[in-house]
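Protein sequences appear in the order of chains A and B.
When we follow my numbering, the leftmost residue of the first sequence carries the number 1, and every step to the right adds one.
When we follow my numbering, the leftmost residue of the second sequence carries the number 1, and every step to the right adds one.
The set of hints was computed from the structure by calculation and includes no laboratory data.
Errors might be hidden in some of the hints.
What the hints assert, rightly or not - Per label pair, the in silico range of CB-to-CB distance: (1) A:LEU9 to B:ARG28: 32 to 42 Å; (2) B:GLN79 to A:ASP129: 37 to 47 Å; (3) A:GLY208 to B:LYS182: 26 to 36 Å; (4) A:LEU173 to B:VAL268: 30 to 40 Å; (5) A:VAL13 to B:TYR55: 54 to 64 Å; (6) B:PRO207 to A:ASP58: 49 to 59 Å.
C-beta: ideal position from N, C-alpha, C; glycine also.
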Amino acid sequence: MLTYTLKRLGLTVAIVAAAMSILFLMIHFVPGDPVTLALGTRATDEMREAYRIKMGLDRPIYVQYITFFANVMRGDIGQDVFSNQAVSTIISHHLPHTVVLVIVSIAWSALLGIFLGCFSAVHRGSLIDRFTGVVTVSAIAIPSFVVSLYSLLIFAVLLRVLPAIGAGEPGDLIDQAKHLVLPAFALGLGWVGYIARLVRASMLEIMGENYIRSARSYGLMEYTVVYSYALKIAVLPTVALLGVGVGNMLSGALFAELVFARPGIGKLIYEMVMARNFPVVQGAVLITTFMFVVSALISDLINAYLDPRVRSSL
Amino acid sequence: MSAQASNKLTGHSSSSFWRISAISRLIRDPLGLLGLVLVSLLLIGALFANHLTPYSPKALDVKNRLAAPSMSHLLGTDQLGRDTLTRVLHGGRVALQVAAWSISIALVVGLVLGMLAGYGPRWLDNCLLLVFDAVRSFPTIIFALALITLTGPSLKMVITVIIVTSIPVYARIVRTQTMALKEQEFVLAARSLGTSWFRILRVHFLPNVVGPLFILASMDIPVVVTIESGLSFLGMGVRPPTASWGATLADGYAYIRVTPWLVVAGGVPLILTTLGFTFMGEALRDILDPRLRRGL
Chain A
1 MLTYTLKRLG
11 LTVAIVAAAM
21 SILFLMIHFV
31 PGDPVTLALG
41 TRATDEMREA
51 YRIKMGLDRP
61 IYVQYITFFA
71 NVMRGDIGQD
81 VFSNQAVSTI
91 ISHHLPHTVV
101 LVIVSIAWSA
111 LLGIFLGCFS
121 AVHRGSLIDR
131 FTGVVTVSAI
141 AIPSFVVSLY
151 SLLIFAVLLR
161 VLPAIGAGEP
171 GDLIDQAKHL
181 VLPAFALGLG
191 WVGYIARLVR
201 ASMLEIMGEN
211 YIRSARSYGL
221 MEYTVVYSYA
231 LKIAVLPTVA
241 LLGVGVGNML
251 SGALFAELVF
261 ARPGIGKLIY
271 EMVMARNFPV
281 VQGAVLITTF
291 MFVVSALISD
301 LINAYLDPRV
311 RSSL
Chain B
1 MSAQASNKLT
11 GHSSSSFWRI
21 SAISRLIRDP
31 LGLLGLVLVS
41 LLLIGALFAN
51 HLTPYSPKAL
61 DVKNRLAAPS
71 MSHLLGTDQL
81 GRDTLTRVLH
91 GGRVALQVAA
101 WSISIALVVG
111 LVLGMLAGYG
121 PRWLDNCLLL
131 VFDAVRSFPT
141 IIFALALITL
151 TGPSLKMVIT
161 VIIVTSIPVY
171 ARIVRTQTMA
181 LKEQEFVLAA
191 RSLGTSWFRI
201 LRVHFLPNVV
211 GPLFILASMD
221 IPVVVTIESG
231 LSFLGMGVRP
241 PTASWGATLA
251 DGYAYIRVTP
261 WLVVAGGVPL
271 ILTTLGFTFM
281 GEALRDILDP
291 RLRRGL
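So here's chain B without its partners, still in its complex pose (with noise of 0.2 Å):
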């Protein structure tokens, strides 16, 4: 009882060290540090959209539409006289709302398809491999445009099409990572043992594979914040009046010619989460797993 209690005491420990000196390594990079208050500027304004400013981002007012950054605006208004910077805030909740969602998702079915495809019978890992390459031979945007003509844009949709775009890619990274553990020598202890599959794959193979799959979901936040931001700059995504930075990026190039301001204030947030996930993901690679680096 005390040597179990010991040991999760000196585990908890370590691990916590582990993730300080992680962090402390994080802040000394000169990009990782620009990266991690990039994206720490976009989780405050996200979570308090609410408060940051005095505007309701459907509130209109006509009388002030396509209005320059003032004072009282900070980056102006769009055509219907809604505060840019209320919409641009509220926007980020809808990126990182569509990122977590669907990269979740993702990630535990990849987990699970790609473990049965590197650890099952032959044959059903060449199935598995026939659907993967087929999702992934659509470009990403055509098939979700087909999609989302047969059921009518909506942010489900746009977060069901990441998750099946993107369960291929984390499958595949998990399968070639357990077909290289399946013959090794705890693996083959475990199945002389009379160990049942399901919990060589729970206990022996999740744990080494889960690692290096965070780090690579992580750095797959940009992309998917990118194609969130790219359907509804193209009408196929969230449903007006909600905020969405390709939204605001829509508007600002229909009055492109009238007010360079909508353009720049869309653009400018989703240049920056994705230059920060980026910095902050490539920095926390380098110090958790740097034997990643390679595969890239």
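Chain A extracted, bound-state conformation (with noise of 0.2 Å):
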């Protein structure tokens, strides 16, 4: 266990600081100037020196690079060109937003996904396996930008039952939840299919093992030996999934944040991208990624954790 820890933490690393290339090299080589994008196109030529100078664009190209890393190492993703403050800060201040949304979305459509697929897999081939099974396909297809936007329709302007914007009242509880029902719904549907089909699949395959048969043979009860011996390893690839269904979810998050105006992560990129606002926007995708990169590392060492065979994969 502890090889493993140790190779997939050097991994994550590798993967974070060349996720970190790509970005630098994607801002300085695609076609563009980072300057003409900050200041616009009518800025006088020594705006545009004093702006080269103060991100540090006029230094060669490798102290550039280095000087990124250095500054990523020490906390310091840079700065907002416009208000001047650290762009950690406003981070920092849109992220719990997400980082709510994102954890309701997952549990709910983790736990309504679980039940629906062990249940389809008990009752394997009957009609309801099938409507399931049509069912969950189809939450899996429908973009979830296009969730947000029906239910915003049908449920806050048409029915108004919950309310469209916004992240309720700060300190207010219920008015909170109230708010969250809409965006976590949207951004969990398309999950509890992907967490059904999956858990279906496992649960078949694992429901045919001997040791099924063996706790069957000893006259164990059917809940028994669905509940605690097959579906305690079926749910293994789901906490895989899930570590990798944060990343997606990020980008989910995004459009149900902008739909419902809730503020978060992807709003405020959003707004950056709009507003022209480099730094922000690269801060905020270099924290988004390495969110995604450490729920993947989670969910490994958790999957490593709860079943060996994983760990001599590496």
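Hints are included, so try docking the two chains, each in its own frame, into the full complex.
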């Protein structure tokens, strides 16, 4: 387990470093001048030169590359050119809302998905199983931003039963929960489908294993066999999927936050893209990428802890 | 000569037989049939977009703005009085164009890189894997936004983003398959005869990895269509006044408290397209290569 953990950590560091390099290369080699981008086309030459020196763009490229890495190591992911605030401060104001949204969405979709998948596997081939199959495929196929728009239209505009805008009054938990319902529904719906299908497939595979047969032959109750013997193993692939899922959810959260005008890192990125404030965009991309890589790391470690066979795969 | 010809003939007839039986099995599967119908409707709508309605997608009619559906405008009009049905049909063209270009380019590049990683030296494999993993660790839409901030929005950038983010997925699949084939006897035999690595990859690996990859890529069409309309919804995709489902949804979102019809008209074709391709893709996968089901 220790060797696996160390190797997996090393891999994570390498991936983060590679991702940072790609980001750096992208900024410097994609056609488009960062100075014009920030100041607009009508800036005078003096303004451009001042900005160039302030951002360190006048130094040779390898110095910039090393400075970029050194700064990130120190926790400095840049400075907003317009307000002169540290990018990390700006992001720390927005991040908690996104984290809450993603965690709530993952939680409800995992609970419902595991239940549905398990239920379909036990009642394999029945009408309910086939119906669940169609519903779960559809849930995966429908884009989450369309779900956001339609649930906004139905529940907030036509029926007016749930609030449509913002994250609720700070301090008022019930109000905040009400504001969370629609975005979390939109973000989690597709994942109910993914998880249900995955759990169903791995349950069916495991229900055919020998140790399930012996558990049955000992006369254990079907309930015990399904829930404490089979399901325990069958959720393992789901744990691995959820780690990757966080990355997709961060993309989906951007749409949910925009549609429901909810503060969060996705909305921040969008607004900063519109304002052409690249330092903040770059910092936010770094943070979301980091969150994604770390969540994949955590789910892999949990998986290796639960299933020793995984440890030899790296 | 005659043997060769007859070989070709039987090869041809057996493959067309196989194709016919696959289609008839697709039609017998209710969901597969539904998918086929939806995809055909989309293709017909996109191909004949100019002829199916009497309006132009860019013709303004400000007196009739935000009209509800009626006999003259089956899906109503948008905030500039343009006929929504016409714009939806033309939006299908954009979606299909993006899907066709980005998936085919990503497939070719993914195939080449995947085979190189799987068959090439260990260091190359490690380098490529690291780059693939790094690219995949950016959340797609957020990566797209960052890139498009630098270059400005255009259809070309949407296609580029999709290509860059899908290459690692395809390449990884091809790599796994190539590694599995690497130690097979027919490959070892070819190598011991001194066949060049280029010929080995082209003749022995390509036909074996390309089939499953095609099926998986066809199931990626809904994802690609979603990314295109998502970026257009954010104003980062096609430039107005070009029609796109995402752009219609964005207009609809801006006027959601005035009329529900724009959001409905922009979203329904998108949902039907993703459902259609998903149902058809799943049915085709089960018919052509049931082994793939386990991997998903």
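Taking the hints in turn, this is what the structure says about them:
Take A:LEU9 and B:ARG28: their Cβ atoms lie about 51 Å apart, and the range 32 to 42 Å is violated. For the hinted restraint 37 to 47 Å between B:GLN79 and A:ASP129, the CB-CB distance of approximately 45 Å keeps it satisfied. Take A:GLY208 and B:LYS182: their Cβ atoms lie about 31 Å apart, and the range 26 to 36 Å holds. A C-beta distance of roughly 37 Å is found between A:LEU173 and B:VAL268, which places it inside the suggested range of 30 to 40 Å.
Range check, A:VAL13 to B:TYR55: Cβ separation about 57 Å, and the 54 to 64 Å hint holds. Distance hint for B:PRO207 and A:ASP58: a CB-CB separation of about 54 Å, consistent with the stated range 49 to 59 Å.
Of the numbered hints listed earlier, the single one contradicted by the structure is hint 1.
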